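J.: Spelled out from the first residue to the last, the chains are:
There are 2 protein chains.
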Amino acid sequence: MATEFEIVEFLRTIFPDIGDDAAIFKLKDKGIVSVDTFIENVHFPTIGTSIFSLHDIGYRTTVATLSDIAAMGGKALYLLVSIGVEKGDRTWFKELYDGVQQALNMASIAQGVEVKVVGGDITYSKNLTISMTVIGEAATPITRGGAQPGDKIGVTGEFGRVKLAWYTLKQGGVLPDWLKIKLLQPQLRLKEGLTLSHHVHAMIDISDGLLLDLSHILRMSGNLGAVINLDKLPILDNVREWCEKQGLNPIEYALSSGEEFELLFTYPPEVEEQINVGFTPIGEITHQPGIYDNKGCKLTPRGWDHFARRTNPPNTPPTNPSTA
Amino acid sequence: MATEFEIVEFLRTIFPDIGDDAAIFKLKDKGIVSVDTFIENVHFPTIGTSIFSLHDIGYRTTVATLSDIAAMGGKALYLLVSIGVEKGDRTWFKELYDGVQQALNMASIAQGVEVKVVGGDITYSKNLTISMTVIGEAATPITRGGAQPGDKIGVTGEFGRVKLAWYTLKQGGVLPDWLKIKLLQPQLRLKEGLTLSHHVHAMIDISDGLLLDLSHILRMSGNLGAVINLDKLPILDNVREWCEKQGLNPIEYALSSGEEFELLFTYPPEVEEQINVGFTPIGEITHQPGIYDNKGCKLTPRGWDHFARRTNPPNTPPTNPSTA
Chain S
2 MATEFEIVEF
12 LRTIFPDIGD
22 DAAIFKLKDK
32 GIVSVDTFIE
42 NVHFPTIGTS
52 IFSLHDIGYR
62 TTVATLSDIA
72 AMGGKALYLL
82 VSIGVEKGDR
92 TWFKELYDGV
102 QQALNMASIA
112 QGVEVKVVGG
122 DITYSKNLTI
132 SMTVIGEAAT
142 PITRGGAQPG
152 DKIGVTGEFG
162 RVKLAWYTLK
172 QGGVLPDWLK
182 IKLLQPQLRL
192 KEGLTLSHHV
202 HAMIDISDGL
212 LLDLSHILRM
222 SGNLGAVINL
232 DKLPILDNVR
242 EWCEKQGLNP
252 IEYALSSGEE
262 FELLFTYPPE
272 VEEQINVGFT
282 PIGEITHQPG
292 IYDNKGCKLT
302 PRGWDHFARR
312 TNPPNTPPTN
322 PSTA
Chain Y
2 MATEFEIVEF
12 LRTIFPDIGD
22 DAAIFKLKDK
32 GIVSVDTFIE
42 NVHFPTIGTS
52 IFSLHDIGYR
62 TTVATLSDIA
72 AMGGKALYLL
82 VSIGVEKGDR
92 TWFKELYDGV
102 QQALNMASIA
112 QGVEVKVVGG
122 DITYSKNLTI
132 SMTVIGEAAT
142 PITRGGAQPG
152 DKIGVTGEFG
162 RVKLAWYTLK
172 QGGVLPDWLK
182 IKLLQPQLRL
192 KEGLTLSHHV
202 HAMIDISDGL
212 LLDLSHILRM
222 SGNLGAVINL
232 DKLPILDNVR
242 EWCEKQGLNP
252 IEYALSSGEE
262 FELLFTYPPE
272 VEEQINVGFT
282 PIGEITHQPG
292 IYDNKGCKLT
302 PRGWDHFARR
312 TNPPNTPPTN
322 PSTA
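Chains as they are written, first to last, in our numbering: chain S, 2 to 325; chain Y, 2 to 325.
Hint data in this document are derived by calculation from the structure and do not stem from the laboratory. Note that the structure is a prediction, hence the values are computed from the model and not measured. Do not rely on the hints blindly, as some may be mistaken.
The list cannot tell twin chains apart, which means a pair is met if one copy fits it or any two copies do.
Okay, derived cross-link-like pairs now, BS3-like style, lysine-lysine, Cα gap no bigger than 27 Å in a straight line [claimed, not checked]:
| id | residue 1 | residue 2 |
| --- | --- | --- |
| 1 | K246 | K233 |
| 2 | K296 | K171 |
| 3 | K117 | K29 |
| 4 | K192 | K153 |
| 5 | K88 | K127 |
| 6 | K153 | K181 |
| 7 | K233 | K181 |
| 8 | K246 | K171 |
| 9 | K27 | K192 |
| 10 | K29 | K95 |
| 11 | K233 | K299 |
| 12 | K88 | K117 |
| 13 | K27 | K117 |
| 14 | K192 | K117 |
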């Protein structure tokens, strides 16, 4: 067991910029900052009891944190990592930070600018607690509040795998590779976010679930509404088949699956051809509040709420499907 | 019990800048950023079992976080607050954030510029966990690494009350006002830090204990040493009397008391007259490594180490006095 001091000195050999009261940084554009906290048994299972290695936790929490910068159409530049842990030696920290660094390397390549660890904090905690702060910059930060009636709604990637993976694990099932890879090695949409920032009116990353995150955009844009074409939702054939085999509704899974880290955005229809990233148009922003499907049925946002979770964990199958 | 969404909406009525994927901010000078995590039963006792109210916790954690900006000679501008809590309603969050706001008001007045809450995160956690990120700016950030041989060592305020207060509580004693106020309402040295930034070579805030924090300066300045004049240590008469009554060594308490949030700095002797803040010169930086007292006895840094704490809590009396 190393002391806190020894761990910090060890980490300084990997991240030479850490170690003062505060980290010094420079920005060229407007600053953007976001913080995310991840707690053992809430955001990830206890290490050693599941398929998640420490490396996986380091990677996934970093992707989740940087995803907020992607959602603003920005570049991530500086990361501060705060760890609360019961006991950790150099090997323990090395494995965790190797996962962090893997995500940072991926981010640096995607955005063409390096993002690096510049600070943090280590403390004792019975439950492993990871709190990450990312500072980035954006020439034109894209908020949740810019959607306009008539905008089309687009999403990157496809949906449903994360919720289906948690459900499968909960049932004691084994994850096929196409589920496992989404849970352990989610993609980061920094490059897509940067490109989209030139075209879109509003953007968010899917952390709570597609419908719930869409409802955030609608509320922040002045209580607008939306119509979602359920036939257009990007869902893998694997997901459809796996759901059908178990009597689950793949649409429900796609609409409420959280921590997908895909981007959800709205854009004026006339720029659609210019958007040079892979995405799927799934609907339209409307004056009339509420979210409806293409048959006129109301869709109720449902997803991840940390306090509601205590009685209804997000990784259990929905008892009240949100697709009415 | 409110949902996470309801709490965020409630907090937006107090802090209108929160609520997007990331907060947008602007800086004029060099940016400085620091993060601090505080965990129930580690950094503060369980609420309801001690003299700490939620308001006190909010105040104290904010002071601790902003103190890192003071130590850089900067101004605090933006705060992000990440809360992990088992259950919390509006009243609960209101009380905590009233304490946060009290510290922010004090900081804003001290530095002449407003510091405000711009973001954060709320999650479920069995143990109350508070992680705060502060972004500030400084024309000339003062690091720990600039001390030079021949520099004098100065400190703001006086030392020992925090450790003595924890010891008294641990013994089941009642805190007199002069101990209680230091624990519940510590001062923030932002104004002093700003003034000092024009004169000092190196600076740190006392969070681990005077000797241990001095050792950080010495190490980061190229393995220098120091001589401390123990007769000059600023210690309240109350502290001396309270210690003597209980057979404790007040010097030991002054040298190892953590979370004092006072500033420790080094400066060239010739500027001493120009430093326009209240402080006490307590020693000198030397070429020879190691910390010695004015009688030539070696002083061993001892203070707060989060991992060591598990076997030797900082709030218990020292078994091996560090003043050899």
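J.: Could you tell me which of the hints above the structure violates, numbers in ascending order?
T.: 2, 6 and 10
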